[in-house]
Amino acid sequence: MFKGKGNLARILGIIIMVVALFSVLPGCTGEATPTASVSPTVSVSPSPTDVPPLTATPRFRIATTTSLYDTGLWGYLEPLFEEEYNVELDILYTGSGQALEYGRRGDVDAITVHDKPNELKFVSENYGVERVPFAYNYFLIVGPESDPAGIKGMTPEDALRTLYESATATFVSRGDLSGTHSMEKRLWASAGYDYATQIEGAGDWYVEAGSGMGPTLQMADQKAGYTLTDMGTFIAFQSDLALVPIVDEGDILLNVYSVIAINPAKVTTAKNLAMANNLIAFLTSAEIQELIGKYGVAEYGLQLFVPCAGNEPGT
Amino acid sequence: MTDIWNGLTRAFELIVTFDPEVMAIAWLSLRIAFSSVLIAAIISLPLGALIHFHSFPGKRLLISVIQTFYSVPTVTVGLFIFVMFSRSGPLGGFGLLFTPAVMVIGQVLLVMPILLGLTISALSGIDRSITDTARSLGASGWQNVLVVMKEARFAVMAAVILGFGRAISEVGLALMVGGNIKGFTRVITTAISLETGKGDIELSMALGIILIIIALIINLILNRVQQRR
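Protein sequence lines, in the order shown, are assigned to chains Y and W. Position in the first sequence (first residue = 1) + 4 = our numbering. Position in the second sequence (first residue = 1) + 1495 = our numbering.
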């Protein structure tokens, strides 16, 4: 019984130690309220017992489509933005549909997405201030080299019609309301199908992955099927995949990335329009545009993104 | 097979070189799971005792409900926390969504039923003769409670270990309310989920191995504490 007491004291000791440890450490703090002007970090003169000021920089949160994240572009740009504006950039990667939803809820202050029709709707409903395109590339249909459905070189619409009619070759859809999924639906519509009634649940050949571009490419690879992908993610993942480009011609396959600041006038919970505008200025600046254009060229030998500084490509 | 072998060597490399990013991720995982279990224990252990030592109508039902929540899906708790803490949700004013703090809150909710339910069963498992003896020796009500709690401490400790296991291994909640933000809310499980999606199987394997090593160390420590009787 008395030994037990010592045991309890020991456990108590451990708990106290752990609590002490956690209280000293940074982290677990909420987001700092944004200051009106971004001022340099206040340096406190250190006294021997001082813990250095750790969370002096404010945090700024954005949501991005997975393709700008999985390709590593945001990972590359993040430190540059953080240094220029003295801010901790928190990046959520998700499908464009969910990124827009985070924006509507005010959980982020800016979004980088690629789903033009839904972006225009988002801005026309005043959730977003303005849609600012900053880069583009193309979508393409990729598949196994053997091309079991024989769709190589077709127009995107003809390719989809062939896939639908044969109903044997697997097609993996994102199925997650992402920008790529939105593009796929437009392609089906353009090919003359009603997506909700004819394509969804069309059969075993039509697989809805419900995940990001990377996992979807891997699933298509494992199933030796076709999928629609943005060029950037495909190039970045190509070395791990047995998939090759099958259909990559057609103006309809244009893939435009834009940045949108959330409008605090409509989304009252959005907090930091000033920093969102900084982000837009950053992404469309000559220096960053050049870096976006060069990004990945050395590693993959191909250009992943074409910069377009605030202009709609093709106009 | 090469994946597994490369994963093992990569894990070894990342651990012995103290790769700063991996260490930061592992450390955050540990901190979040520890804080969650600690807070959940502070609430659940006394509450469990309170439920055990009192009889009231609906007690059985309450215990059944608690036990049902052992298996609540992490994404369900995640969804609930997301809706509550989203800036446009009722608790949005705290600005906690997508921070480590909200991950702790979610994991507390996840772990509490386990600690609560298992504390109650631990206390129920104590032989009545012990309380009878204590009472016959003139123990008051409170002393009696202390005697039972002391006897049940090992079973309670097992519940804490289980709760820790649930907290450090879950991914659904961490992804939904933490957002897997690099350098801020990225924990081992969400990092594995991301890296596997990106096709970096080796790094995922390495992180998985690190997670298992952490779990092993924690269990060894807690077992040692338990065995010092």
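No lab work stands behind these hints, which were simulated from the structure alone. Certain hints may be false.
With a cut-off of at most 30 Å between alpha-carbon atoms, the simulated DSS-like pairs for lysine-lysine come out as follows [what the hints assert, rightly or not]: (1) K227/Y x K156/Y; (2) K125/Y x K227/Y; (3) K1677/W x K298/Y; (4) K120/Y x K1677/W; (5) K1645/W x K1554/W; (6) K227/Y x K298/Y.
query: Has the given pair, K1677/W with K298/Y, been kept, meaning a C-alpha gap of at most 30 Å?
result: 24 Å, holds
message: Against the 30 Å threshold, does the CA-CA distance of K1645/W and K1554/W hold or violate the hint?
response: Satisfied, since the Cα-Cα distance of roughly 23 Å is no more than 30 Å.
Given pair status - K1677/W, K120/Y, alpha carbons within 30 Å: 28 Å, holds
- prompt: Does the alpha-carbon distance linking K125/Y and K227/Y stay inside the 30 Å limit?
  reply: Answer violated: K125/Y to K227/Y is near 36 Å, above 30 Å.
query: Do the alpha carbons of K227/Y and K298/Y lie within 30 Å of each other, as the hint requires?
result: 33 Å, violated
- request: Quickly compare the C-alpha distance for K227/Y and K156/Y to 30 Å and report which way the hint goes.
  value: 18 Å, holds
Violated hints, listed in ascending order, are 2 and 6; each of the other numbered hints is respected by the structure.
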